[in-house]
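We have chain W already, so just place chain V on it with the hints.
Residues per chain are reported as follows:
Number of protein chains: 2
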Amino acid sequence: MRKPMDISEIETGVVGLGMMGSSIAVALCIAGHPVKAVAPVKNELENAKKTIAQLLQHAADSGLLQQSKPHYWKRITLSEDYSILQNCRLVQECVIEDKNAKSRVYQKIADQTKVDTVISSNTSAIPVSILQDMVPEPGRFLGIHWAEPAYMTRFMEITKGEKTADSHANWVYELAHLWGKEPTFLQKDIRGFVTNRLMYAVYREIFHLIESGETSIEDTDKAFRYDAGSWMTFMGIFERMDQMGLSDFRETFQRVFPKLSNTSRVPEMMQEMVAGKVRGVQQARGLYAYSPEEARAWENAFAKFNKEIYQLADNYQKIKNE
Amino acid sequence: MRKPMDISEIETGVVGLGMMGSSIAVALCIAGHPVKAVAPVKNELENAKKTIAQLLQHAADSGLLQQSKPHYWKRITLSEDYSILQNCRLVQECVIEDKNAKSRVYQKIADQTKVDTVISSNTSAIPVSILQDMVPEPGRFLGIHWAEPAYMTRFMEITKGEKTADSHANWVYELAHLWGKEPTFLQKDIRGFVTNRLMYAVYREIFHLIESGETSIEDTDKAFRYDAGSWMTFMGIFERMDQMGLSDFRETFQRVFPKLSNTSRVPEMMQEMVAGKVRGVQQARGLYAYSPEEARAWENAFAKFNKEIYQLADNYQKIKNE
Numbered sequence: 001m002r003k004p005m006d007i008s009e010i011e012t013g014v015v016g017l018g019m020m021g022s023s024i025a026v027a028l029c030i031a032g033h034p035v036k037a038v039a040p041v042k043n044e045l046e047n048a049k050k051t052i053a054q055l056l057q058h059a060a061d062s063g064l065l066q067q068s069k070p071h072y073w074k075r076i077t078l079s080e081d082y083s084i085l086q087n088c089r090l091v092q093e094c095v096i097e098d099k100n101a102k103s104r105v106y107q108k109i110a111d112q113t114k115v116d117t118v119i120s121s122n123t124s125a126i127p128v129s130i131l132q133d134m135v136p137e138p139g140r141f142l143g144i145h146w147a148e149p150a151y152m153t154r155f156m157e158i159t160k161g162e163k164t165a166d167s168h169a170n171w172v173y174e175l176a177h178l179w180g181k182e183p184t185f186l187q188k189d190i191r192g193f194v195t196n197r198l199m200y201a202v203y204r205e206i207f208h209l210i211e212s213g214e215t216s217i218e219d220t221d222k223a224f225r226y227d228a229g230s231w232m233t234f235m236g237i238f239e240r241m242d243q244m245g246l247s248d249f250r251e252t253f254q255r256v257f258p259k260l261s262n263t264s265r266v267p268e269m270m271q272e273m274v275a276g277k278v279r280g281v282q283q284a285r286g287l288y289a290y291s292p293e294e295a296r297a298w299e300n301a302f303a304k305f306n307k308e309i310y311q312l313a314d315n316y317q318k319i320k321n322e
Numbered sequence: 001m002r003k004p005m006d007i008s009e010i011e012t013g014v015v016g017l018g019m020m021g022s023s024i025a026v027a028l029c030i031a032g033h034p035v036k037a038v039a040p041v042k043n044e045l046e047n048a049k050k051t052i053a054q055l056l057q058h059a060a061d062s063g064l065l066q067q068s069k070p071h072y073w074k075r076i077t078l079s080e081d082y083s084i085l086q087n088c089r090l091v092q093e094c095v096i097e098d099k100n101a102k103s104r105v106y107q108k109i110a111d112q113t114k115v116d117t118v119i120s121s122n123t124s125a126i127p128v129s130i131l132q133d134m135v136p137e138p139g140r141f142l143g144i145h146w147a148e149p150a151y152m153t154r155f156m157e158i159t160k161g162e163k164t165a166d167s168h169a170n171w172v173y174e175l176a177h178l179w180g181k182e183p184t185f186l187q188k189d190i191r192g193f194v195t196n197r198l199m200y201a202v203y204r205e206i207f208h209l210i211e212s213g214e215t216s217i218e219d220t221d222k223a224f225r226y227d228a229g230s231w232m233t234f235m236g237i238f239e240r241m242d243q244m245g246l247s248d249f250r251e252t253f254q255r256v257f258p259k260l261s262n263t264s265r266v267p268e269m270m271q272e273m274v275a276g277k278v279r280g281v282q283q284a285r286g287l288y289a290y291s292p293e294e295a296r297a298w299e300n301a302f303a304k305f306n307k308e309i310y311q312l313a314d315n316y317q318k319i320k321n322e
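Protein chains in written order, with the working numbering: chain W, 1 to 322; chain V, 1 to 322.
Keep in mind that the hints are not guaranteed to be accurate.
For chains that are exact copies, the list does not tell them apart, and a pair is met inside one copy or across any two.
[To be verified] Distance condition first, Cα-Cα at most 25 Å in a straight line; then the derived BS3-like pairs of lysine-lysine:
no., residue 1, residue 2
1, Lys307, Lys42
2, Lys108, Lys163
3, Lys318, Lys222
4, Lys99, Lys42
Note that these hints are calculated values from the structure, not bench results.
Chain W on its own, in the form it takes in the complex (with noise of 0.2 Å):
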């Protein structure tokens, strides 16, 4: 029989310590494991060392801790030297969206690992089976796709390739458990995921609605956040379909979907962003218009929100599985 993980002595490595790279390294951390964090990319180092404090202290400030912080901010190796990641069981590689900077990585993990060591991407942009041939011994390499704040959120997506091993994949599985994910098991390759694929069929979709006149990015968000973002914390969208009663939906589709857009084509709306060089809420300066003190606000009242609607999610998961 095998013996029960003890997650204490499984060393974890991440490697590229941007915003996503620090929450994961957190998040393994408090989950239990020593983690070896390397910032592969000049002067990361700096500011990921004030990064992962900060989200540390989210955490505890979120009530995730079951020890003291500087327990846990004592289990994070920080370097730019690969050299530390010798005995980890895992390594998350969580670099830019950039085939060869993703292969140089692997290579510099496979040096100072073991062959048997899971290789792990957070990529939504690159198929885990291209990925994969660039690692030595592919069997051990696969998907592992995080949600932001990677300590908080429930959601993960595992993600095999065509030559992941089948144990490999079970191992983090069963890992990603004891992190206290709700993972979702991907036995295909497929690009953008679930989640993704879903979002970009509506913005697909949204973007043709504001092109043809329909409506407007601000009523937009307003009608989703009323309507789905109502329910969508409760149940899926077959759950919610069940809640509705099936019997409409046949009809619905047939007179909906020839209506859909089929587009294959970028929306204007997004070339003129990027060429007007749009970037979003942290640089204050997004689709809607902020000021930095409001892009801040912003910012804290988003990180509150995120410990509320965790704490609301996990009551009605123990409420529904009763």
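Just chain V now, with coordinates in the frame of chain W:
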């Protein structure tokens, strides 16, 4: 200068007292209107009395009542007789999605009311411009699209038909704010409305992914609930783009749009569901398996969730407006 509206003096009517109509009657009543509720279908009246009493109790339990419950209860008149509508300034139709049935109802409403009484439909299936032509004095007709439970959700779409008079549409828009709604105004008469259209784009894509073996119903729901469900109450989809940062979207659109489903075909799965008389959670016979007890527990949990998410959305709207 126009007198400010005194809502307690504006009589409103509801015709059709299924779940949605009953819920709208409660919404109009607790907003302050005297409400005349007509049951056009034989035997609907007794059920409607029970349903409205239950919903009023739910609203009371949720802390939505300014006055005592009996105060509101006695301001709702229930009848099978359309003549109770004669002093109504607005009559909302909530009967089945059938043109002939709606046409008969509009005629009966028009027979009892003044020519400037606004008549509205909750339809999300038939274009407002088509229904409008069945109404004597079509300029006073428009779509008012509510979300369940009507007395709790902020969502509301007000849709003009080709012949709808601006004065009537503006009056309803103003009134909707007194109902505690965040209405969106649709200048054009599109089928399906914004949120529905976007959800149908989601349905088309997800049935495609499931039929091609890429994912399952259960995994989709899990992914959507824990991913989209973790932000959608806080922000709309364009606010989300701002929050994510906009830089990668153009490239991703270019890559993913050509992969999205363009089908007009109703999915086979849906045909099978309809053939199998799968009807949803209310009949304890849905896409998922529910015992009657589980179905009840599920409905109760959702009613409780509704109250909490309403409060959460409200708190964050205040924070964002600060």
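Intra- versus inter-subunit Cα pairing at 25 Å for lysine 99 with lysine 42: Cα proximity of lysine 99 and lysine 42: one copy only (19 Å, versus 67 Å across).
Up to 25 Å CA-CA - lysine 163 versus lysine 108, copy category: within (21 Å within a copy, 68 Å between copies)
Homomeric proximity label, lysine 318 with lysine 222: Cα distance no greater than 25 Å: between (30 Å within a copy, 14 Å between copies)
Homo-oligomer pair classification [lysine 42, lysine 307; C-alpha up to 25 Å]: Classified as neither: same-chain Cα gap 33 Å, cross-chain 49 Å, threshold 25 Å.
Checked against the numbered hints listed earlier, the structure breaks hint 1 alone; every other hint is satisfied.
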